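Hey, can you work out the whole structure from these sequences and the hints?
Chains as they are written, first to last, in my numbering: chain C, 506 to 799; chain P, 506 to 799; chain D, 506 to 799; chain S, 506 to 799; chain X, 506 to 799; chain A, 506 to 799.
What the hints contain is simulated information worked out from the structure, not anything from laboratory work. Just so it is clear, the structure is predicted and the values come from calculations on it, not from any experiment. Careful, some of the hints might be misleading.
Identical chains share a label here; the pair holds if one copy fits it or two copies do between them.
[Claimed, not checked] In silico DSBU-like pairs for lysine-lysine, Cα to Cα no more than 30 Å straight-line:
no., residue 1, residue 2
1, K677, K793
2, K590, K637
3, K590, K677
4, K677, K637
5, K793, K590
6, K793, K637
7, K677, K645
Protein chains: 6
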Amino acid sequence: MPTPAMPSPMLWQPLLERALEEDVGPGDLTSELVVAAERTGQAIVEARETLVVCGLPLVEAVFHRVDPSLEIRREPGAADGLQAKADQPLLRVRGRYRSILTAERTALNFLGRLCGVATQTRRLVDQVADLKVDLVDTRKTTPGWRALEKYAVAVGGGVNHRTGLYDGVLVKDNHIAAAGGLDAAIEAVLGRAPAGIPVQIEVESEEMAARAVELGCDFLLLDNLPPAAIRRIVERFAPDVRLEASGGSGPQNLREYAETGVARISMGALTHSVRCADVALEVALLPKAEEASP
Amino acid sequence: MPTPAMPSPMLWQPLLERALEEDVGPGDLTSELVVAAERTGQAIVEARETLVVCGLPLVEAVFHRVDPSLEIRREPGAADGLQAKADQPLLRVRGRYRSILTAERTALNFLGRLCGVATQTRRLVDQVADLKVDLVDTRKTTPGWRALEKYAVAVGGGVNHRTGLYDGVLVKDNHIAAAGGLDAAIEAVLGRAPAGIPVQIEVESEEMAARAVELGCDFLLLDNLPPAAIRRIVERFAPDVRLEASGGSGPQNLREYAETGVARISMGALTHSVRCADVALEVALLPKAEEASP
Amino acid sequence: MPTPAMPSPMLWQPLLERALEEDVGPGDLTSELVVAAERTGQAIVEARETLVVCGLPLVEAVFHRVDPSLEIRREPGAADGLQAKADQPLLRVRGRYRSILTAERTALNFLGRLCGVATQTRRLVDQVADLKVDLVDTRKTTPGWRALEKYAVAVGGGVNHRTGLYDGVLVKDNHIAAAGGLDAAIEAVLGRAPAGIPVQIEVESEEMAARAVELGCDFLLLDNLPPAAIRRIVERFAPDVRLEASGGSGPQNLREYAETGVARISMGALTHSVRCADVALEVALLPKAEEASP
Amino acid sequence: MPTPAMPSPMLWQPLLERALEEDVGPGDLTSELVVAAERTGQAIVEARETLVVCGLPLVEAVFHRVDPSLEIRREPGAADGLQAKADQPLLRVRGRYRSILTAERTALNFLGRLCGVATQTRRLVDQVADLKVDLVDTRKTTPGWRALEKYAVAVGGGVNHRTGLYDGVLVKDNHIAAAGGLDAAIEAVLGRAPAGIPVQIEVESEEMAARAVELGCDFLLLDNLPPAAIRRIVERFAPDVRLEASGGSGPQNLREYAETGVARISMGALTHSVRCADVALEVALLPKAEEASP
Amino acid sequence: MPTPAMPSPMLWQPLLERALEEDVGPGDLTSELVVAAERTGQAIVEARETLVVCGLPLVEAVFHRVDPSLEIRREPGAADGLQAKADQPLLRVRGRYRSILTAERTALNFLGRLCGVATQTRRLVDQVADLKVDLVDTRKTTPGWRALEKYAVAVGGGVNHRTGLYDGVLVKDNHIAAAGGLDAAIEAVLGRAPAGIPVQIEVESEEMAARAVELGCDFLLLDNLPPAAIRRIVERFAPDVRLEASGGSGPQNLREYAETGVARISMGALTHSVRCADVALEVALLPKAEEASP
Amino acid sequence: MPTPAMPSPMLWQPLLERALEEDVGPGDLTSELVVAAERTGQAIVEARETLVVCGLPLVEAVFHRVDPSLEIRREPGAADGLQAKADQPLLRVRGRYRSILTAERTALNFLGRLCGVATQTRRLVDQVADLKVDLVDTRKTTPGWRALEKYAVAVGGGVNHRTGLYDGVLVKDNHIAAAGGLDAAIEAVLGRAPAGIPVQIEVESEEMAARAVELGCDFLLLDNLPPAAIRRIVERFAPDVRLEASGGSGPQNLREYAETGVARISMGALTHSVRCADVALEVALLPKAEEASP
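Structural data, given as C-alpha cells:
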C-alpha cells in the first residue's frame, strides 16, 4: 500500500499558525529568562509505544516555523506510514536550544494526535485484513482538522469518504422526509448531481434498498442494520451495487460486520474519541565547544 | 460553583469559520438538490447520555452563522455546566430546513467534543470532591482548541494552568540543564519574571524541592514522583509552598495521588484522548401550513 | 487592587500585525540605507510625564515581532498598573540598531494610547475614591481596540461593562419601543436570557424604574437623569437593585453624580476622545567593541 | 479644494470586520430577545454639533455588512468634506429594526472618530488659511487606523506625509548617529533611495541645515526649533529648499509657527489625542402597515 | 481520461473572497441605485468560442457567495473537462437580478482564465496525442493561483509536476554549483529526501546525464538541449531513467521535441502568458409575474 | 509623465504571503538538502528582452520576506516605469544562497507578469501617442490582482477606470432593462450617486447617446460601435461630454478607433491574456573568503 499524499500545506498551515499563536503567542517567557540565547542543542522526536507514524511533515513545519535556522533530519526510513516501536527515534533537530524548547509542545500535540488516528485505524484494518472490506471515515472529525484527520485515516490504511457536504451526495432520512418520500428524493439526485460527484442513498431496510436499486441507485448506505440484515442485502445486490454499513459497528464488533461481505464499513470512531499516541522529544544541550554559530 | 465565563468569541470565531469552510465549503449539494428552498423545520439538540453540557454558545453560533434567520431558543435551564440526562433537550432551532441540515454536523462536532472534556473532568473532580485538591489542565490540548478545551475543563470543575508559554513561567529539567543547575535557573527567574506572572519550578526529588524552597520558590511542580514521596514533600512544605503533582497520575489512580494532600494535580489526559460525548439533533419538518415566511 | 489580567494575545496579535504592516510594510527604507546591518544599540522606553503604565506586554511584543533576537528587559518594578513619573525608565531593549528604530513608532503608538486611557481612568477613580462607586466603561471604544481599551480601563481602576452585544443584555429605549412598552420588553428578557448573562434595563424616570423593579428587574441603567432624580431612586431601591448612572456625567461633574450614592457610573469618555500619554524611546548606539554578535 | 479619494476598501474592510466581530460577535442578544424579527424601522445618522463630515462610506459599509437588505440613502449633499451643523441629517437607513440596532454603535464609533480628526484639522487649517503653509500629519496614528486617519486629515484640508517607513526616507538624529555624522548619513541616501521616494533630512540648527543644503538636500525637517530660528532658515533657503517645522508647535501656537513662512508644519496632534465628534442615530419604528417585506 | 479532482475549496476560497472584496467591496453602487431590490432574473453562463470548460465549481461558488438564495443549475452534461462550442450554455442562475449583476464579472474572470489554461493545454496535448509523451507544467504560475492553474492543466490533459518547493526535489545548476559539483549534489539528495518525494536532477549534456545515472539517478531534467541531443539520451537511458525535456520547446516546436521519444516535456507557457477564453453571461429579467419571492 | 504611486503594500502583501505559502510552504527541500546553510551568494535580477519595468518593490518585498537579512540594492536608475533593454541588470541581492534560491521563482513570477502588463500598455499607448486619447483599463483583471494590474497599466502610461463596483457608477444594458428604460435608469443615478463618484452611461447608438445627453449625462460609454458611428458622436457631443469607446477595439485596430477623436478607449486586453515579460535571476556563489557572516 503506497503512503497517501500529504495534504497540501495550504490546508494545514493556518492551523499550525494558530497553534503556535495560542501556545507561544508573544513569547516563551521561561526559555527567554533561563536559556542563554546562544546555547544550542539537539532533540530527537521519538515514539514511546508501538504506533503508526503520521504527521512528520507537520513536526518539521512547526520547528521550521519557530526557527528557520534549525537543522532538521529524519532518521533513515522515518516516514508517515512507518510502524515504529517504543523508543524508536524518528527525527533529529539541531540548533538554538531556546527554539527547540519553544516548539516542543506544539509539535508533539500535532504528532500525538495524528499518530493516534493512524494507529487506531491500522489496528482495525488489520482485524479484517483477510476480508475484502474498506474501513471508511465520516464527517465526525475535530473541527479545523478535517484534512489532517482524513489523511491520518488513509495513512492507517482506511479509505476516505467524501470530504464534506460539497463533494459527495448522501441522501439521509431527513432529506427523504423533506422530499416527500424515497422515490422523490432519488429522482432529485440521480442524474442531477454535478458530473463526478458520487451519489449515495441511506436506507434502513431491505425493502428500501430494493426500491432504491430499482430506481437506479448503485451506492447505498445501510444505516443501523444488524449483521444478518446486511448479509441478506449483500447477497441480493452486491457486487452490482456498492454497499456501505454504518452506525452499528464499532471497534468491538467490527469483524462481525465485516464478515457480512459488505464492501465498506464507515465508523465515526475512526476520528472522534481517539487516544493520542505517546510520542516525546528527548532534548540535549550541545557542549559549548560544539555549538554552531547561530 | 459559578459557571466560568465563555471565552471571548474572538478566540473561537476563526475556528468556527474554518470548520464550516471545511465541511460546507461552496455548498451542501444534497440539501440543495433534495430539499425545496422554502421548506421549514424544527430541530432539537439533545443529550444522548448523561453528560455535563458544554459548548451551547458555539452551537448557537454555528446555526447563526449558517443562516442568521434561524430562530434559536434554549430549553429552560439549559446552559453550560448543566448535568443533562439521556434524551434531555437542550436547544430548539426553527427555520429553513436546508440550513438546519447544513449546520448539523459542525454544530454537533463542537458540542460533542466540549461536552466530552467537561464530562470527563467532572467525573474526575467528583472522585476527589471530599479532598481539597484542584484538578489542573496542561498544554496538551488539541492544536487550535486551547481556549475552548481549557474552558471545558473549567466547566467540568477543573482549574486552568497557564494558557501558554507567554503567561506563566515553568522551569523544567531542560531549562535547568541549560542554566547550568537548579540554583542558576531559579536565580534567572525569581524576581525577574514580569509582575503578575506565576513562577513554578519542576523538581524531581525531595532534595530538589528543599533547595528550591530554600532559594525562595513558593510554587513547585512535583514531576513523576510516587504518592509516598509527594506526601513527604507536602508534609514538609505545605501550605506555605503551593505544590502540584504531575506525570504519574491518571484517571485510574487519581484518588491515590489526591490523598497525599497535594494542592493541585495536573493531567494531560483532561484534554487529550478524550471521548466525545453522545449528542444528537432531532429534526422534523414543519407542516407546510405552519411554515414561517423565510 | 490586583492588576487585571492582560487580555489573551490572540485578541490583540492581529492588530499588532496590522500595525506593523501599515507602518513598516515591505521595509524601513531609511534604516536600511543609513544604518549598517551589524550596528547594535540600546533603547530605553520611558515615561515623559506622570502616568499610569499600561501596555508593556504590547511594547515587548512589537519589538519581539520586528526582531526576535532583541533582548528586552523590564526595569525593576515596571509593570502595567504602576504609577510612573516623568523620565522614569520602564523597559530596556538591546540588539540590532536597525530593528530598534523600525519598531519604535509602532511600540510607542500602542503604549501612549493605552497609558492615556489608564491614566485618565485612574485620575477619575481617584476623584471619587472615598465613595463606593464603580467607574464603568461603555461600547464607545476605538474600532479594533475593544479588548485593549477595556483592559486599560481596568488597569486604571475602572470596571468593565459587557464586552459587546453578545455577553450582556441591555434593554434601551429603542428596544422598549419595538417591544410595545416596558412591560413587554421586560417580559421578553427576564428569565429568557442565557444563564450567566446579566440583564439590565434602561429607565428614564423614577416611575419607569419603579415599574421595572416591580416586574422583577434588579439591574437598571438610569439614562440621562439629573443627580437629584438619581438620588431619589437610589434611596428607594438600593442596594437591592443595582443602579448605574449614565449619560449626564463627564470628567467635570463626576463627583456630583458619585455623591448620589449610585453604585456605578458609566462614561463613554473613558475610552473615546482620550489624550495619549507622553512616552518616548531613548536610543543609543553601542560602541562597536561592545556589539553583541547578531 | 476637491475631496480626497476614499482609501481603497481593502485597506479598511478588515478593520470593519474586526470591529463588528468584537462588538456583535455571535449575536446581539438584546435585539434578538426583544425585537420581533419582522419589525422594520428607519434611522437617521446625524451630526450633533458643527463638524466636518468624514467616514460616510464606512457608515454605509457597516450597515451593509450587518444586513445587505437595508436601504441606505444619503441626504442631499451629504458627503465627506461637508461642514455639517448640529442636528443636520446625513444618511437615512431603512429596513429590519434589529439590524439597525445591531449596527448602530460600530457605525457611530467609526464616524465619530473620523469626523473628530477631520474637524480638528479643518479648524487648524482655517487658523492659517491666509498663509501659504501646509498642515502635515505624522506616523503618530492609532495602530490599525493609518489609512483612515490620514484620509480624515486630508478631508480636513491637511496634507499627508509619508504613509509609513516604506514610502519615504526621513533621516533623523538616531540615523545620523549610526551613520557616523550628517555627511555620511546624507551620502547614504541622496541618489540611493528608490526613484520617486522623497528624501528628507532632520536638522536641529541653522548650521546643520546649511550643511545639508550644501550637500544637495532640498527637503528638510526642522526639529524642535523656535519660530525665530525657523524664520532665519526660511529666509536663507526657501523656496529652493522645502522646509517643514516639527515638534514645537501644537494647536495653541500654530499661527506663530506658520508666520515664519515655513512651507509645512507637521503635528502628531492631528491624529493622536483627538476628541471624537458628536454624532448620533435617531431610530424610529415603522408602523406595521408600512413594513416592507424583509 | 477521467476528469481530475477539483482542488479542495480551502485552497481557493480565500482567493475567491479576495476577488469579491476587490471588485465589489462595500457594494455595487450601480445595481443598488438602478435595480429594484425585488426584481429577479435569469442568467446563462455560456462559451463564446470552442473551449475546454474549466472552473464551473468556482462560478457556482462566486454566485453562491454573493447571494446564497440564487438557484444555480448546470446544463445537462456541463462539467469541467467538457469540450464546449461557441454559444453553448453551461450554467443557469436564477434569482435576485441585483445579485446576478454583482457577481457577473468576478465569475467570468475566474472562468475565462481557467478555460484559457485548459484549452491551450488540450490543444497542445492533441498535437502529440499519437506519441507517448506527457505535457508537464512548471512553477511559472500566477502568484495566488498555483492550485487552480495546475488543476486547469490537468483538466486539459496535462500532467502536474511538483506543486512547489516542498513536495519534490529538483537539483538545478545553482544547487550543483553550491554543492561543489554534480557528484556532491547527487550524494546530498539520493536516499536523503523524505520518503515519497521524487528526486530529479537537471543536466545540461549527455555526459552529465551519464554521470547522474551512474550515481543512481533515475529521473532527469534535460535542460535546454536540442532535439538531437535529447534523442541520443533517450536512446541510451530510457525507459529505465525517466526523462523530461525542458526549456527549448514551446507551442511552436512541441512536436519536434515530442518525437525524440522523451517521456515528459515541461513548459512554463502552459500557465504563464495564457490567453483567457471567451466566456459570457447572458442575463434576462423575469417578468414580474414570474418573480419568485426572495 | 511621473511614475504612478505604488499601491499600498496592504493591498498586495496578502497576495505575496499566499504566493510564498503555495510555492515554498513548509520549506525548500532541495536547497535545504544541497546547499550548506552558511554559503552566501549574489543574484542579479535582469531583463531578458526590451520591456517596461514594473514590480521592483514586489521583488524586493519577496526577497525581504523570505530572508530579512538579504541585502538588496537597485541598479542606478532602476525603477518602475524605466524602459529596460535585454540583459540590463535591475536589482542586486546578496546574502544566504539558500534564501536567494528559495525566493527566486516567486519574485520572478510577480515581476514577469507586471512587466508584461506595463510593456504591452506602453506599446499601445505609443501607437497613439500623437492623438489625445487615453487608453483605459477595465474590470477584466486576474482575480486577486486588481490593484497590481491597474498599477501596471498606469506604469505603462494607461489610465485607470473605476477600481470596482464600489467607486464608480456605470449603467449598462442590463441595468437599463431592469430600470424599464434609459430615462428611468438615468433618473435613478443622476444626482443620486454619492458625491465624488463618476457616473457613466453605456449607449449603443447615436440616438441613445443624444437622449442621455439631453437628460444631463456628461460621461458616456460607447459600446461596440464602429469607428464611423463613434466619430459622429464625437463631432456632435465632444468635448462637453466625455466619451469612451469600448468593446470593438483591440491591439490590432486601436489606431483606427483612436482617430475618431474619442477621449478614451477602454480595453479588457490590457490586463487579461497578457504575455509575461522575460525576466531572470543570475545567481552566483560568493567565494567562501568573501562570505558575510550570516
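Status of each hint after checking the structure:
Only between protomers do K677 and K793 lie at most 30 Å apart by alpha-carbon distance; the minimum there is 21 Å, versus 65 Å within a single protomer. Taking the shortest Cα distances, K590 and K637 sit within 30 Å of each other inside one copy (28 Å), while across copies they are farther apart (40 Å). Only between protomers do K590 and K677 lie at most 30 Å apart by alpha-carbon distance; the minimum there is 27 Å, versus 42 Å within a single protomer. For the identical chains of this complex, K677 and K637 are intra-copy neighbours only, at 26 Å inside a copy versus 45 Å across copies, given an alpha-carbon limit of 30 Å.
In this assembly of identical chains, the alpha carbons of K793 and K590 never lie at most 30 Å apart, being 33 Å within a copy and 43 Å across copies at closest. Taking the shortest Cα distances, K793 and K637 never come within 30 Å of each other, neither inside one copy (58 Å) nor across copies (46 Å). Proximity of K677 and K645 under a CA criterion of 30 Å is satisfied intra-copy only: 16 Å inside one chain copy versus 37 Å between copies.
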